[in-house]
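Model the placement of chain B on the given structure of chain A, informed by the hints.
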Amino acid sequence: MTAPRSAAGGTGALSNWQNGFVRRLPLRIAVIGICLLWSLPTLGLLISSFRVPLDITRNGWWTVLFNPFDLSQYTLQNYESILGAEGFASGFFNSLIVTVPSTVIPITVAAFAAYAFAWVRFPFRRALFILVVGLLVVPLQMSLIPILRLYGPEQLNLSGTFLGVWLAHTGFGLPLAIFLLYNFMSQLPGDLFETAAIDGATHFQMFTKVVLPLSVPALAAFAIFQFLWVWNDLLVALVFLGAGSDVSVLTFRLYQLIGVRGESWHILTAGAFLTMIVPVMVFLALQRYFVRGLLAGSVKG
Amino acid sequence: MTESIERVDRVGWRALLMPMGVLLGAVGVVLGLLFLTDRQAAANASAVIWDLVGNSSEATNLRRGGGDQTLAKLIALVVAVVVGVGGIWLFFAGMNAIVERLLPERTARKVIPWVFVGPALVLLAIFLVFPAVLTIVSSVTSADGLKNWEWALTNPAMLATYRNNIVWLVVGTAGAVGLGLLIAGLVDRVKHESFAKMLVFIPLAISLVGASVIWRFVYAWKPGGLEQYGLLNALWTGIGFDPVPWIQTPPINTYLMVVILIWLQTGFAMVILSAAIKGVPAEVTEAAKLDGATEQQLFLKVIVPMIRGSLVTVTITTAIVVLKVFDIVYSLTGGRFDTDVVANQMFLQKFQFGNEGRAAVLAVILFIAVLPLMILNVRQMKRQGLPT
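As they're listed, the protein sequences go chains A and B. The letter at position 225 of the first sequence is residue 225 when you use my numbering, and the numbering goes up by one with no holes. The letter at position 374 of the second sequence is residue 374 when you use my numbering, and the numbering goes up by one with no holes.
Excised from the complex, chain A in its bound form (with noise of 0.2 Å):
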């Protein structure tokens, strides 16, 4: 484009051409090497988890991709004996049942008050909603003794219940629902409840027939964030559900495998892969509103 630069990468389409591909070469290395350093890692587990107990150990992954079709090397009997033997099967099931209630109780709480927070004048409003937002950044780890306190025996007797972890998920996830319902809530046309309330529509009824339908990529957005969030915990699964081995989720399963069989790599990567997949097929079939969820919780759209 400018005088210098067409003087030193000479004249026609070709070296322009040339010219634009080496200026853009580090671009593209920077780039290849990024994708395989966020690909490798994952690629090498799921390739062993595949493999022949004794060849993990034996070499490296990647030997496989010198011959990727002989077939012979290849086998699902890490996935079978992670699904019998070391109990994942009833982790899996497990996990499922801490993470749905843990998800959707909090998101019916927290779109409640949120819609408060948008569109209900109260007393302290303001306070309690600056409360809300500090509370987003209060350490779990604040919580956890005098909670283990309040489930134990002599109180509710919680510990080890999936009630009680169901509660503590959803009093954990409450401030960011809240936030994140608030931030997409308030952004609703201020028409929609002038003309309601010309109505004579109540807040209940503003609420469900009006705000609730308008509010649901944000409800989903939550809804992927703290799915993912509590499939994923380890912290409060390992507090409040504890060791015993008829409640114990996922990754409580994966940790202790870590420590018990750490060298066992046929069990550890097809049980690392194993519980990856539902959070990453979540992830991947509903990225779109995770993402909104995101954007709307830290940039203001």
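Hint data in this document are derived by calculation from the structure and do not stem from the laboratory. Bear in mind that the values here come from a model prediction, so they are computed numbers and not experimental data.
No more than 20 Å apart at the CA atoms, straight line, and that leaves these computed lysine to aspartate or glutamate pairs for DMTMM-like:
| # | chain 1 | residue 1 | chain 2 | residue 2 |
| --- | --- | --- | --- | --- |
| 1 | B | Lys-110 | A | Glu-194 |
| 2 | B | Lys-222 | A | Asp-55 |
| 3 | B | Lys-110 | B | Glu-100 |
Below, chain B without anything else, positioned relative to chain A:
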């Protein structure tokens, strides 16, 4: 005139239905809650189902607490969702009806908002506010309170722990935000943009434990002379060095664990910053190009300052995540090999050593570390608009 008659009719019809529905629902919710708190109830329910299909041996097994618990768990899941969601809606609808019908209109208008925010506030109070206050108070007033604080602030092992946390905070935050910014900037100008983004993005869906296993495999070690199966040691020995047991070797092990977190968190920074970069008006970048700015100059001097708000938010959010890091350290080393961090030590104090006082002190220290970030967060929020 006719309108008002209709309204009365509708109200009269509902007046009967509503209380009955609420009452039935309330009974259902109470029964459901009892069902959920009874540890054997779901198994018994599934035993009844097995009896109905004629498999009585399985039913007996279940009643004795053995057998396959899968069905019992599915029943518990359904009951939980129905009771949880149904119970909450019932509560809101019921409270709303009571307030609207039984209270004079002026009072009702004042009470309704509290029906809406009440449950959330109660849950927040029970699970966050009171516990946090209790933890702070008990960290000081418990029998060994002052001794515990002295231990936390002077013990050499604890000081090393804080150093590790600082490494996590600085390297982890800078790494994730820096790489996220770089990728957002680079990938903006490359074909197959969405593919590269997707790869960086996917780890966000993976648990920290899962990511720890993935990277533990990358860092795996075999004694020298043997063929390495860990990617890092294969590369390391490939360029002529002796294999290193990375996870057990301080101080590099902490940095290698930070890499796991960066790998996981970069996608978050990238998505937000990439959206912010796309929001920079085209006129601005065009004008800078006309003025002869190179691509680097354009990026560093025009785009980065324009997305500063997003950068600050992403940095705060990432820093909070990094400060609270627990899963990676707990599952990879349990804090051994000089890799301890505060959250891990707090967990060990409570659950390994049974020392609640020290655990409370460490929780408070974590809180104090997060506090400035919290204040920044609230300030950022104020700028974005609060309820007035």
